[in-house]
Amino acid sequence: MPIPARAFAALVAAATLVCAFPAQAEPGHRQVRVWAAACAACHGTDGHAQAGMTSLAGRSADELFTLLIEFKRDVRPATVMHQHAKGYTDDELKRLAQWFAAQSKR
Amino acid sequence: MSTLDRRGFIKAAGGLAAALGAGVGVGACATAVGRASPGRVVVIGGGFGGATAAKYLKKWEPRLEVTLIERNQNFVSCPISNLVLAGVKQIEDITLAYDGLAKYGVRLVRDEAVAIDVDKREVRLAKGDPLPWDRLIVAPGIDFLYEQIPGLNNAEAQQQVLHSWKAGAQTVALRKRLEDLPDGGVFAISIPKAPYRCPPGPYERASVIAHYFKQHKPRAKVLILDGNPDITSKKALFLQAWEERYKGIIEYRANSVLQDFDVRSKEARLEFESVRADLFNVIPPQRSGRIAAPLANVGGRWAGVDFRTFESTAVPGVHVIGDATASAPGMPKSGFMANNHAKVAADAVIASLTGLEPNPTPIIANTCYSFVSDRDVVHVASVHKFDTQENTLLPVKGAGGLSAVANDLEGKFALAWARNIWADALT
Numbered sequence: 021m022p023i024p025a026r027a028f029a030a031l032v033a034a035a036t037l038v039c040a041f042p043a044q045a046e047p048g049h050r051q052v053r054v055w056a057a058a059c060a061a062c063h064g065t066d067g068h069a070q071a072g073m074t075s076l077a078g079r080s081a082d083e084l085f086t087l088l089i090e091f092k093r094d095v096r097p098a099t100v101m102h103q104h105a106k107g108y109t110d111d112e113l114k115r116l117a118q119w120f121a122a123q124s125k126r
Numbered sequence: 003m004s005t006l007d008r009r010g011f012i013k014a015a016g017g018l019a020a021a022l023g024a025g026v027g028v029g030a031c032a033t034a035v036g037r038a039s040p041g042r043v044v045v046i047g048g049g050f051g052g053a054t055a056a057k058y059l060k061k062w063e064p065r066l067e068v069t070l071i072e073r074n075q076n077f078v079s080c081p082i083s084n085l086v087l088a089g090v091k092q093i094e095d096i097t098l099a100y101d102g103l104a105k106y107g108v109r110l111v112r113d114e115a116v117a118i119d120v121d122k123r124e125v126r127l128a129k130g131d132p133l134p135w136d137r138l139i140v141a142p143g144i145d146f147l148y149e150q151i152p153g154l155n156n157a158e159a160q161q162q163v164l165h166s167w168k169a170g171a172q173t174v175a176l177r178k179r180l181e182d183l184p185d186g187g188v189f190a191i192s193i194p195k196a197p198y199r200c201p202p203g204p205y206e207r208a209s210v211i212a213h214y215f216k217q218h219k220p221r222a223k224v225l226i227l228d229g230n231p232d233i234t235s236k237k238a239l240f241l242q243a244w245e246e247r248y249k250g251i252i253e254y255r256a257n258s259v260l261q262d263f264d265v266r267s268k269e270a271r272l273e274f275e276s277v278r279a280d281l282f283n284v285i286p287p288q289r290s291g292r293i294a295a296p297l298a299n300v301g302g303r304w305a306g307v308d309f310r311t312f313e314s315t316a317v318p319g320v321h322v323i324g325d326a327t328a329s330a331p332g333m334p335k336s337g338f339m340a341n342n343h344a345k346v347a348a349d350a351v352i353a354s355l356t357g358l359e360p361n362p363t364p365i366i367a368n369t370c371y372s373f374v375s376d377r378d379v380v381h382v383a384s385v386h387k388f389d390t391q392e393n394t395l396l397p398v399k400g401a402g403g404l405s406a407v408a409n410d411l412e413g414k415f416a417l418a419w420a421r422n423i424w425a426d427a428l429t
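Those protein sequences? They're chains A and B, same order as listed. Taking this note's numbering, I'd label the letters of the first sequence as residues 21 to 126. Taking this note's numbering, I'd label the letters of the second sequence as residues 3 to 429.
For the record, the hints were derived by calculation from the structure and aren't laboratory data. Do not take every clue at face value.
Listing some non-contacts, in silico: residues in chain A with all C-beta distances to chain B over 10 Å [as the list claims (entries may be wrong)]:
| id | residue |
| --- | --- |
| 1 | Met-73 |
| 2 | Ala-77 |
| 3 | Ala-81 |
| 4 | Thr-86 |
| 5 | Glu-90 |
| 6 | Arg-96 |
| 7 | Glu-112 |
| 8 | Gln-118 |
| 9 | Arg-126 |
No more than 20 Å apart at the CA atoms, straight line, and that leaves these computed lysine to any residue pairs for SDA-like [claimed, not checked]:
| id | chain 1 | residue 1 | chain 2 | residue 2 |
| --- | --- | --- | --- | --- |
| 10 | B | Lys-61 | A | His-49 |
| 11 | B | Lys-399 | A | Phe-91 |
| 12 | B | Lys-399 | A | Arg-93 |
| 13 | B | Lys-195 | B | Arg-255 |
| 14 | B | Lys-61 | B | Val-90 |
| 15 | B | Lys-399 | A | Thr-109 |
| 16 | B | Lys-61 | A | Arg-126 |
| 17 | A | Lys-114 | B | Val-398 |
| 18 | B | Lys-399 | A | Leu-113 |
| 19 | B | Lys-414 | A | Gln-70 |
| 20 | B | Lys-61 | A | Gly-78 |
| 21 | B | Lys-61 | A | Asp-94 |
| 22 | A | Lys-106 | B | Ala-401 |
| 23 | A | Lys-114 | B | Pro-362 |
| 24 | B | Lys-399 | A | Glu-90 |
| 25 | B | Lys-61 | A | Ala-77 |
| 26 | B | Lys-414 | A | Ser-75 |
| 27 | B | Lys-105 | A | His-68 |
| 28 | A | Lys-114 | B | Ala-401 |
| 29 | A | Lys-106 | B | Leu-396 |
| 30 | B | Lys-399 | A | Asp-94 |
| 31 | B | Lys-61 | A | Arg-53 |
| 32 | A | Lys-114 | B | Thr-363 |
| 33 | B | Lys-61 | A | Gly-48 |
| 34 | A | Lys-106 | B | Pro-331 |
| 35 | B | Lys-414 | A | Ile-89 |
Covered by chain B, according to a simulated footprint, are these stretches of chain A (three or more residues, beta-carbon under 8 Å) [what the hints assert, rightly or not]:
| id | region |
| --- | --- |
| 36 | 50-56 |
| 37 | 60-69 |
Small disclaimer: the values here were computed from a predicted structure and weren't measured. Cβ atoms here follow ideal geometry from the backbone N, Cα and C, with glycine treated the same way.
Could you put together the complete structure from these sequences and hints?
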């Protein structure tokens, strides 16, 4: 059905206006956010750990990525992280590292 | 705005977005008009799955109206509850309040859900008015199939023979009976056929109670009557621990399916024999919590779900998480998995109510720690990725695995894990 041009423009404008929506709706961001949420069972919500476990929030992305890759390649000894890291592609690990790096430290 | 109007609006807005060629972004924010809520989500059950789902729904989409229905005053953790039976921890150590969810804006309704009305899209409560939903998340855990053990199929018998497979009063009661058991007494634990909640849990229970006996009642025994043909989880690690630590204390019998139970003579009826013990702990066969009956479309016991979204395969718009689901291949029924299910479901519910596509490739994980003594622990871990060909979550090949041997470092990690997952669900 054809839409009159003026109405169309108004709709686009309205849509744009309304769409002052935070970046969290972006599909890629949402995807890594849910992946990262799996880590929270041990490392705390958004990587803010309770006593006795390592916090991940706000650490350097390079540092976290290097750690994850070393776990994955069995270079760095671990009790369980070498087994988890192997479940993700290198690119997925990089996105997880970047996501935790972007969380504010407490 | 009525439910239908709200949904109709979202649909229309999504159609407009497509017509404009503007992609998902416009659909995402269509409901932001006037800061109206994108929808009402009701969560049944505040366990590891339900509490986590309620929190993350509000954390990720604060405009949602989220109501959590919970009948118990406090959250009592099944993980670590075996240490209460062993006298290593107290019930207070595994009991947590629900207060922490208020700061996210979760509305907590202290009531019991008694029925899901699929047609009216509302949950009926024991005390309060029915709760309408735009999306429903059902996280009822398990219920027991006592009808499969006729002698225990009444309330009085169930008071005499405890399951202690839902942590709380039964945990405390069984601990008391273990304390009262004389040295030289036999404690027997009956394990149902898989699938059941927490596959390694019964073997952990046997181990830590054997540890208690070794310290305090050295002539007492633990008899494991396993309804399965073999140890269902961490077999080599448990066998090694029993051989090294509890030789002569733990006796294991496979293929010991409980057919019936005589409360008066304290006799378990197996297929070919009857077994007596001084104290029985019968973990009955299980199904999804009965509130999920309209959703239990797998063998009449478990709720089938689409593992991209945890949406029920029986009723659209209803999601099921945790132990009540028909598990994907290689996926245990655990608190850890329920916590991870909750986040995938929360994201999918938000997506559906704001006109977004579901995440095409969820990846979730599991680590189950089991104590074999008061401090030494073994784990099994796995990573589960959505497989678009098999259309389910599958364990990633080459990932996951077991502890090399029981060790006290993982004992510390197990307790730290508990603190973290409790906080992740409840605060």
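Now the hints, each set against the structure:
At roughly 4 Å, the least C-beta separation between Met-73 of chain A and chain B is not larger than 10 Å, which violates its mark as non-interface. For Ala-77 of chain A, the condition that its CB be more than 10 Å from all CB atoms of chain B holds, with the nearest at approximately 13 Å. Even its closest Cβ contact with chain B, about 19 Å, leaves Ala-81 of chain A beyond 10 Å, as expected for a residue assigned away from the interface. Taking the minimum C-beta to C-beta distance to chain B, about 19 Å, the non-interface status of Thr-86 of chain A holds against the 10 Å cut.
A cut-off of 10 Å between C-beta atoms confirms that Glu-90 of chain A is not in contact with chain B; the least separation is 16 Å. For Arg-96 of chain A, the requirement that its beta carbon stay farther than 10 Å from each beta carbon of chain B is met, with the minimum near 15 Å. With a minimum CB-CB distance of about 7 Å to chain B, Glu-112 of chain A fails to clear the 10 Å threshold, and the non-interface call is violated. Distance check on Gln-118 of chain A: its Cβ is at least 16 Å (rounded) from any Cβ of chain B, clearing the 10 Å threshold; non-interface status holds.
For Arg-126 of chain A, the shortest C-beta to C-beta distance to chain B comes to about 13 Å, beyond the 10 Å cut-off, and the non-interface label holds. Note on Lys-61 of chain B and His-49 of chain A: the hinted pairing holds, with a Cα-Cα distance of about 15 Å set against a maximum of 20 Å. A hinted pair counts as satisfied when its Cα atoms are at most 20 Å apart, and Lys-399 of chain B with Phe-91 of chain A qualifies at roughly 16 Å. This hinted pair checks out: Lys-399 of chain B and Arg-93 of chain A have alpha carbons roughly 15 Å apart, not beyond 20 Å.
Distance check on the hinted pair: Lys-195 of chain B and Arg-255 of chain B sit about 13 Å apart at the alpha-carbon level, within 20 Å; holds. For the hint pairing Lys-61 of chain B with Val-90 of chain B, the CA-to-CA distance comes to about 35 Å; that exceeds 20 Å, so the pair is violated. The straight-line distance between the Cα atoms of Lys-399 of chain B and Thr-109 of chain A is roughly 12 Å, inside the 20 Å bound, and the hint therefore holds. Taking the CA atoms of Lys-61 of chain B and Arg-126 of chain A, the gap is near 17 Å; set against the 20 Å cutoff, the hint holds.
Annotation: proposed proximity of Lys-114 of chain A to Val-398 of chain B holds, straight-line Cα distance about 18 Å (limit 20 Å). Under the criterion of a C-alpha separation no larger than 20 Å, the hint pairing Lys-399 of chain B with Leu-113 of chain A is consistent with the structure, at around 17 Å. Of the supplied pair hints, the one linking Lys-414 of chain B and Gln-70 of chain A holds, its CA atoms being roughly 13 Å apart against a limit of 20 Å. With a C-alpha separation of about 19 Å, the suggested pairing of Lys-61 of chain B with Gly-78 of chain A holds against the 20 Å cut-off.
Distance hint between Lys-61 of chain B and Asp-94 of chain A is unfulfilled; the C-alpha atoms sit about 35 Å from each other, more than 20 Å. At roughly 5 Å between alpha-carbon atoms, Lys-106 of chain A and Ala-401 of chain B fall within 20 Å of each other, so this suggested pair holds. A hinted pair counts as satisfied when its Cα atoms are at most 20 Å apart, and Lys-114 of chain A with Pro-362 of chain B qualifies at roughly 19 Å. Taking the CA atoms of Lys-399 of chain B and Glu-90 of chain A, the gap is near 19 Å; set against the 20 Å cutoff, the hint holds.
About 17 Å separates the Cα atoms of Lys-61 of chain B and Ala-77 of chain A, which keeps this hinted pair within 20 Å; it holds. Between Lys-414 of chain B and Ser-75 of chain A the CA atoms are separated by roughly 16 Å; this keeps the pair inside 20 Å, and the hint holds. With a C-alpha separation of about 17 Å, the suggested pairing of Lys-105 of chain B with His-68 of chain A holds against the 20 Å cut-off. Of the supplied pair hints, the one linking Lys-114 of chain A and Ala-401 of chain B holds, its CA atoms being roughly 17 Å apart against a limit of 20 Å.
For a cut-off of 20 Å, the pair hint linking Lys-106 of chain A to Leu-396 of chain B stands: about 14 Å separates their Cα positions. A C-alpha spacing of about 16 Å is found between Lys-399 of chain B and Asp-94 of chain A, which places the hinted pair at or below 20 Å, so the restraint holds. Proposed proximity of Lys-61 of chain B and Arg-53 of chain A is supported: the alpha carbons are some 12 Å apart, at most 20 Å. Note on Lys-114 of chain A and Thr-363 of chain B: the hinted pairing holds, with a Cα-Cα distance of about 16 Å set against a maximum of 20 Å.
Distance hint between Lys-61 of chain B and Gly-48 of chain A is fulfilled; the C-alpha atoms sit about 18 Å from each other, no more than 20 Å. Distance hint between Lys-106 of chain A and Pro-331 of chain B is fulfilled; the C-alpha atoms sit about 19 Å from each other, no more than 20 Å. At most 20 Å may separate the alpha-carbon atoms for a hinted pair to count; Lys-414 of chain B and Ile-89 of chain A exceed this at roughly 25 Å. Look at the region 50-56 of chain A against chain B: 5 of its residues bring a Cβ nearer than 8 Å to a Cβ of that chain, three or more, so the hint holds.
Restraint check on the region 60-69 of chain A versus chain B: 7 residues with Cβ-Cβ distances below 8 Å, three needed, restraint holds.
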